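Q: Please work from the sequences and hints to get the whole structure.
Letter by letter, the chains look like this.
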Amino acid sequence: MTRLLAHDVSLNYPLFGRRQDADQQLALDRVSFELAEGDKLGLVGANGAGKTTLLRVLAGVVKPDSGWVEAYGSVQSLMETGLGINGDATGWENIRLRLLAAGHDWETARRLAEPIGVYSELEEYLDRPVETYSRGMQLRLSFSIATSLDADILIMDEWIGAGDAAFRQKATQRMQELVDNAGIVVLASHNNRLLEQVCNKGLYLEAGQMRYFGDIKDAIRCYGEN
Amino acid sequence: MDATVTDAGRQSDRLPRVIQLWRFWLTLAWHDWRRRFRRSLLGAAWLFVSFGLFIAVKILIFGVLSAESMAFFSVWLSTGFLIWTFVQSNLVEGCNVFISSSRWIKAADLPYGIYVLQSVTRSLIQLLLSGLVVLIVLFLFPPPDIWMALTSLLALPVLVVNGIWSQILLGTICARFRDVIHLTQTVTRLLFFLTPILWVPESFGEYGRYADYNPFTHVLAIFRDPLIYGTFPVDSWLIVLAITVGGIALSAFTFTRNKHRIFYWV
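Protein sequences appear in the order of chains S and E.
Residue numbering for the first sequence is 0 to 225, as defined by numbering that gives the first Met the number 0.
Residue numbering for the second sequence is 0 to 265, as defined by numbering that gives the first Met the number 0.
These are calculated hints, taken from the structure and not from any lab test.
Bear in mind that the values here come from a model prediction, so they are computed numbers and not experimental data.
Note that beta-carbon positions come from the ideal geometry of N, C-alpha and C, so glycine has one too.
One thing to keep in mind: the hints can contain errors.
[What the hints assert, rightly or not] Among chain S residues calculated to face chain E with C-beta under 7 Å, some are:
{"#": "1", "residue": "Leu14"}
{"#": "2", "residue": "Gly59"}
{"#": "3", "residue": "Leu99"}
[Unchecked claim] In the DSSO-like style, the derived pairs of lysine-lysine whose C-alpha atoms are separated by at most 27 Å in a straight line are:
{"#": "4", "chain 1": "S", "residue 1": "Lys200", "chain 2": "S", "residue 2": "Lys216"}
{"#": "5", "chain 1": "E", "residue 1": "Lys258", "chain 2": "E", "residue 2": "Lys105"}
{"#": "6", "chain 1": "S", "residue 1": "Lys62", "chain 2": "E", "residue 2": "Lys105"}
{"#": "7", "chain 1": "S", "residue 1": "Lys62", "chain 2": "E", "residue 2": "Lys258"}
{"#": "8", "chain 1": "S", "residue 1": "Lys200", "chain 2": "S", "residue 2": "Lys169"}
{"#": "9", "chain 1": "S", "residue 1": "Lys169", "chain 2": "S", "residue 2": "Lys62"}
A: Quick look at the structure:
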């Protein structure tokens, strides 16, 4: 039974290189919610509201100062492009690298990489170093890997921004499949149409505080009114 | 309140994740290695060339100045420089071990030990390849007792363990205090001259014994003495083992207290 819970999660971001000012910034202030199997949560809020920080806490990349997260199920995350990618390795190598990081052996990584590469439609670019890719192409690669890694809980940050129309349509379709697969998805985006299409729940963050948690449409409306 | 991220689906396996994911960090080390020699004609052969040339020139210059025989000095310098190169790369690269992996640290929930093992593996490959040059030197000037000479191989696992703890320790400290990176580089450069690599303590008579206060003298001795004197340096081994145990404790203490902060520091 897949579940994702956040209990009173608070986090202060330490600031460096400043002398007089406060030495830390409150990024999350006692955020709590509970997601059950099949829930798709959309995070809304202005830049700097704490959306990315919350995603990182949920992905287990950073530990909150107080409160805790309980994840029942395997977690995969898709953060901003360029992270979790080895720039001087080729597309194929990066796909295999992420599969190895997920604990697969050489043979399985090689086998599982095949459909991921095909799905990305990067074709001959997959044999070139990722640092030669455009932003959109990098995103396609990252998206293809993250959504193929067979996770119960998928955490995604602002992935729809780049990518051409054709791939965007394909990505929305893949998101729909994930929705149907009854896993948990947590998605931060400024694209309201996408959020309404994919998510059933919404969480509105303002300056690290949870202003609303409930139906996605109400969360977007709440955010719009402010 | 205790803050934890639990993952119920993953707790079945006994081995630490950092060991389970050995294929991952081995691949990362391989990519680093390949980047270093990308589009170069000689590739990894540059290692032999540069190490071999360095040794050859140093033997010519310092061997003439030195009171020791050419045979003695050649083995002394090549073995000493081999081990020193490994020590040095662990100290210098250890400072940046977490900083240079920030793209992974910020993206994935993976144990940080992965990046340390990636870096130590890189240094170890360099040690083994440069070691081939030393093998040639040893072939020209064979050690006095071949069986005793083999005990120098025991130094290798100890060196690797020391490389791991020093990279964890330096990586953690340097992520927070960036000045320590430059400090380490400066001190390492000085240590090269303070450690008996280019010089032999005996030729300094009375003053030579001060070399014994330098821990790196003993780190070199556990590898070098069996090859050059045919003896097993018990004292040096005890000192190095004590450093190893103390270093592991210090490193584990520093790392476990700060590991949740490293994310912000890199």
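Q: State the violated hints by number, sorted upward, taking the hints as numbered earlier in the document.
A: 1 and 9
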